[in-house]
Structure formats: structure tokens, C-alpha cells
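One letter stands for each residue in the lines below.
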Amino acid sequence: MADNGDEDSQYRIKQGDYVVLKRGNIFKAVQIQPKKKVIFEKQWFFLDGAVGNFYSTTFEIVSGALQPQKLKNTDNAKEAGTDNRNIVDDGKSQKLTRDDIEDLKEKGLEGQEIIQHLIDNSSTFKDKTEYAQDKYIKKKKKKYENTVTIVRPSCRILAMMYHGREPGKICHLRYDTLAQMLTLANIHAGSKVLVFDTCAGLVLGAVMERMGGYGSVIQMYPGGEPVRAGMESFGFPAHFHDMLHGFPICRVNALLAGTLDTTAKDPSAGRACFFFSLLKLSEMFIALLFPEETEKLEFKKIFYVFVFVLQAQERLVKLEEKRKKLAAAAALLEGRNADGLVIASRFHPCPVVMGLLPFLAPSRPFVVYSQYKEPLIECYNKLKEHGGAVSLRLTDTWLRHYQVLPNRTHPLLLMSGGGGYLLSGTTVATDRAKPAGSQRAEEPAPKRLKLTDTEG
Amino acid sequence: MSFVEYSDFIQDGDVAIVYLGHESLMPVKVQQGAQTQTRYGVIRHSTDLIGQRYGSKVTCSKGGWVHVLHPTPELWTVSLPHRTQILYTTDIATITMMLELKPGSVVCESGTGSGSLSHAILRTIAPTGHLHTVEFHQQRAEKAAEEFKEHRVDHLVTVRNQDVCQDGFGVSGVADAVFLDIPSPWEAVKHAKTAMKRQGGRVCSFSPCIEQVQRTCEALADQGFEEINTVEVLLRVHDVRTVSLPLPDFGPDSSAQTEPDAAEKAPPASAPVQTSVSLKTTTPPREIPGHTGYLTFATKPRT
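Sequence order for the protein chains is A and B. Heads up, the first sequence is in full-length UniProt numbering, so the first residue is 1 and it goes up one at a time. Heads up, the second sequence is in full-length UniProt numbering, so the first residue is 1 and it goes up one at a time.
These are calculated hints, taken from the structure and not from any lab test. Misleading hints may appear alongside valid ones.
Computed footprint of chain A on chain B, listed as stretches where at least three residues anywhere in the stretch have a Cβ under 8 Å from a Cβ of chain A [claimed, not checked]:
(1) 38-50
(2) 188-196
(3) 213-220
List of simulated lysine-lysine pairs, BS3-like, C-alpha gap at most 27 Å [claimed, not checked]:
(4) A:Lys384 x A:Lys373
(5) A:Lys37 x A:Lys141
(6) A:Lys373 x B:Lys280
(7) A:Lys143 x B:Lys197
(8) A:Lys143 x B:Lys62
(9) A:Lys70 x B:Lys280
(10) B:Lys57 x A:Lys384
(11) A:Lys382 x B:Lys197
(12) A:Lys105 x A:Lys37
(13) B:Lys197 x A:Lys384
(14) A:Lys14 x B:Lys280
(15) A:Lys141 x A:Lys92
Some residues of chain A that are not near chain B, with every Cβ distance over 12 Å (derived) [to be verified]:
(16) Ile187
(17) Gly190
(18) Arg251
(19) Arg364
(20) Tyr402
Keep in mind the model is a prediction, meaning the values are calculated, not measured. Ideal Cβ placement from N, Cα and C applies to all residues, glycine included.
Using the sequences and the hints, build the whole thing.
Below is the structure:
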């Protein structure tokens, strides 16, 4: 193995890596940490066995630990029937009982071996058609295989994971809809993008992945703190975080009005700390003046004061950092020259887009996601009224998976009912004075239906 | 201006997109002294375009007006001159995400065709990635190379005029992703494998016919590709409309006759009777694209 060790090391799983556990179409994002137990598909195991192996390795779960899977043996051609006219489903074809199977599991048999036992003990297996046999084996594999593959996180994988596992957390944003958003908003390296995301940070992470660490992303967030869990699961290198900024939406109006003050230091916190320390010190002096207190207690008091002052300092430093970050984000926004706007949230999209659109430069794309269509209809009409946007389109995508097998090709039986809706458009320079009627109607006039003579 | 980087002001030599309204777009090569005819009149490049901000409104000679937009791959896709059937944004977006393209990705593509997908790939892989695109038709290959240069993305792409099924992509062991949009993709699968990095990568094949998909999936499985998966994506557009629905007239309200005395004393309220209700809704277009092609994705494992 004449591998260039350095080159390949970036393809190996390391401690601290953010990875995704995969079995078929089931995914789970975890972080590799020593002695950490994880649960995946009803099985508990430690991840330590994975470290050092290449990404996309498949492991067997053996006694709560991971071992790289041995090569699979190919299935031998078996005796098969032609159709199911004589197969009676009486529930008695499998001779192994549930207890027998449990015994096999306890003996530590591999999934494949258990499946072989099931086949050997099935009275109807040899009568099934080849296709039915394939289907049977696939079904048993899904049930009894105890393998897990560890893959690198990516937008594709995480979007599928969230949609399959916790769609509620991402406002039921389907992964193909997310794909459309990233392209329609022209997300690319070197631009300045605004993101309003209450989808656990998945959309934020997807945008950052497409920017590759170049340019800047400003996450507008409701409430006190931005949610970035989904973004963390991408496992971005440290320098990606340097391009990420946050700005609370409760300060947007102040920023737009020019009244946002990011320079004044907050004196109240410092003052509070000072007075508290003074109080503690005076307590200490009182204790000293009345020496019935034991020495130990006095020492304790000094120690507590010391710790308290340290914590106060830390709090001040944190506040200062927060202020600096806010000022940096405000500076990026003030120019009102952002290159793209992506909105995906549980909030009513209309006020969000109207509130954030002013930060975009002219001739730049924006995309708004909503789980429901009606709020976007409102947005569309508001934007038309307000002006400043062209090429408005309300769309959704229809996604269908296919099974492609010789003589068995067809769409899958179930498909996703809905993946949410998108409103996309491009900003244009707004006129100062907008006389009514100067807007060219984009809606063709509704056609008057011709009534036949018989209708009233 | 470039297709991979925004700029604010229109300059001589730029390619700008003129938005005429109603989803009607027109690419314009900006040149000193040149003129462009539109249905609203003439646009004079030197006065109306050069030096103006992208996104500005431009009044044409007949008095009508248009907007001038900065080019993006999406605007290019719906305004470019077709030399072949092209891929539209819906499929392009799905392909981009499912192939895991991002800045720095090295991609192999065949056929180049009219360059619709190529521009989108270049936008996504810039500034550090590279696109190797193969087109067996000489004029199309030349035209594509010309456009890449005009659009200031030629440093990110290499165009090769050869048959991918015979000669492959011209590179080996470098690609993170391979895309095939050719009549016989199964013949190119082994070349795709060669072009891809040893450590693995993603492949996608676009085919309009299910028979092509079947043969391609077989070839992918034979070559050891995993996670083979076929999907199709369709776009549904919702046209926002204000509609007015008339209300039926069932005659005067019969409940007013139950208390004749009260009716005599209190004159009937002269509230105006509503004849119709106006509401904002969406309607689907009369015809929508029902099929573009099947997208088959697969992963090349480490070899």
C-alpha cells in the first residue's frame, strides 16, 4: 500500500469529527468522542472503533463496539419457482420461532448468517420466483443486519436526514426544495448572503457549504441567540466560522433608521459587579472585626470574593465580545449591498421578506420558503405593490424515486406528499416617486369566460 | 462582471441580461457605440448601459422601459441561445446538491451542449475548482469555449472536443463528481470511474428514456458503484391571480317573514347585497413540463 500517508489522512475518521451514521436511508448525525455511547436504530455502541478508518467504511456492531465489516460473500444462485399460484400464506412457512431467532442473535451470529438460517428454514422460499426471493432477502437484511456506515456530512446527507428524522424541526423543508433554494439564490463563494433560518441551522449550514469559507454570511435570528445545531453537524473547518456573523432581528429597525448604537459600552454591568464586590469585601471586613468567626470561614470568604470578581470580569469580556460582533454584523448590513437573501422559517414570511429586502443590492436574487402556499401569495402581492422586485415566481417541486431493476423498473410506491413552497425573485433599483399605474401589470387580465346561451 | 462574481456597475464588454417583463429575458453583449432593439425601443449601450448600476431601469427609445440585470447562471439558462436541448434550473439545482458540488470541486461533464449546466457548475465550484467538459461536436465545443471566455470563467474550465465514450474525459483520478448527459451513458461509465478520484466521488447520469436508465444502472453496478438511485424532479409553477367569484341569488331571505309585525315596524336593513367575492389565489398554467429526464446518482467507493 504505497499510499501517501498525509494525503490520505484527510479521508480518515478522527476524534472530534462530526460524522453521519448511515444504514440504508436512515441517517443520524453524531460527533466522534472517546468512550461516547450512541444509539442508532435501536442499537447502542461506542464509536471508538471507527477512529482511524476511512470514511464510508461499513462496520458491524459487535457487543457494543464497531468493527470494520468483512467482505460479503456473493449470493449463490438458488432454486426458484415461476409464480405464486401455489404458495399459500398461512403464516407457517417459517419454521424458526421468535425464540429460536433470539437464540441465534445471542450466539452472536452475524446478520447475514441469521438470514441464511431463515432461508434454510422457510418451506416456501424455493418456490418463490427469483424476484420474490430477492425481495425477501432485502426485507430480512433490513431487519437483521447490524451494520452501520460512517460517512462524511454534506448538505445532501444532512438535508435527507432531517427530512426523514425530524421534519418538524426544519418546517418540513424537503431536500430537493433546499437544493432549489441554494441555486435560485445564486449562493456562491465570495458573496455576502443574509440568512433567516429557523430550520435548526440546516439552511445556514447548506449556504455556508456552498460558499466554501469565502465571503460572508449574516444569520439574522429571532430572540436572544441564533440556533446553529444543524450547521455544526456539517463539521466545517474552523476558518468557516470566521465568515459567519449573527444579527438579532429585534435590532433591524434601529439599524435601518440609523439609530443602532454599537459603540457605547454598557456601564451598568461593570457597575453592578463593582458594587457586588464592594458588598462582599465589606462583609469580609465585618467578619474580621468580629473574630469569633473561625479563620477557616474568613479564608472561605476571601476565596468566594476572588471567584466572584473573576466571574464578573469574564462576564464583562463576554459582553464586550458580543458588542464587537454586533458592530461587525451591523457594519456589513449598513451598506445595504448584500448579494442574496434566503428565508426559511416558521414565521410568516411576508413581514420577514419586507423587513430584510432593504439590505439587498439591486439585481440580486432572494428566495423565501414557506411550508404553506397562502403566506407566499401574500408576499407575492405585497412585493408587487411595493415594487423593487421582478421575476417573482411561486413554485414547488415534485420529487419521485424509482426502483430500477431488470424487468422490475417502476416508480416507488410511496412518495413525499409535499416539500414546501418557494417564492423567488430578483431585486431591482426602486424609483423614488412611483405614480400609480406606472407599474406594468404582470398578471394578464382575467379572461371573461364565454357563457353559452343556455347558462344564465 | 463575471458569472462567478458580482459587480455593481455595467462596463464595456460585460454580458448583461435585459428583463423585458413577463419572464422575458434577453442577453446583451455590452459594447461602446452599440445598440440593441427591443419591443420597447432601442437601447443605446454607451448612454443607457455603460456606467449604470446593475438593476437600473432603462427607458428605451419608444418610451417603454426595461431593467438590466447582472448575469447569473439561472438567468443565462432561460435566455441563452440553444444549440441543443438544455437542462433547466430545477434539474440543475438537484444535480448540484446531489453531486455535493461546492467551491474547490473538480467536475467532469459530457456533453457540454449549450453550456447551461456548465455555467451553473462553474458558479458553484469557483474560485478553486475546475470543470473538465467534453463535447464531441466541434462547433458546439468551440462556441462553448468562446462563451466561457466572454463570461470571464475560462480560467475555471477546460473544453475538450472528443467522444467521451471512446476517449474519456482526458483526465484521470482527479474528479470529485462526474455528470453524463449523452445518448449512451453506459458506455461512458468506465471512463467516469477512471476520471474520478481514487478515494471516491459522486456520479450522475441524465437520460430522458427509462431504457437508457436501466442500462446505465446496470453498468454502474458492474463497475462497482454504490448507492445507485434514480429520481425525477418536476417544477410546478403557481400563477398568482385575483379572481372574482359571483355569488348565487337564492331570492330574498325567507327568515324575515317569520315575524311579520316586526318586519312592518322595523324597515328592512338596506345593506348592499354582495354579488361577487374577490380572492387572491393561484392557478396552475395550462400546460406544464411533465418530464425532462431521469436523474441517476451513484457513489464511487474508495478503490
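Query raised in the report: Which of the listed hints are broken here?
Result: 1, 2, 7, 8, 9, 11, 13, 14, 16, 17, 19, 20
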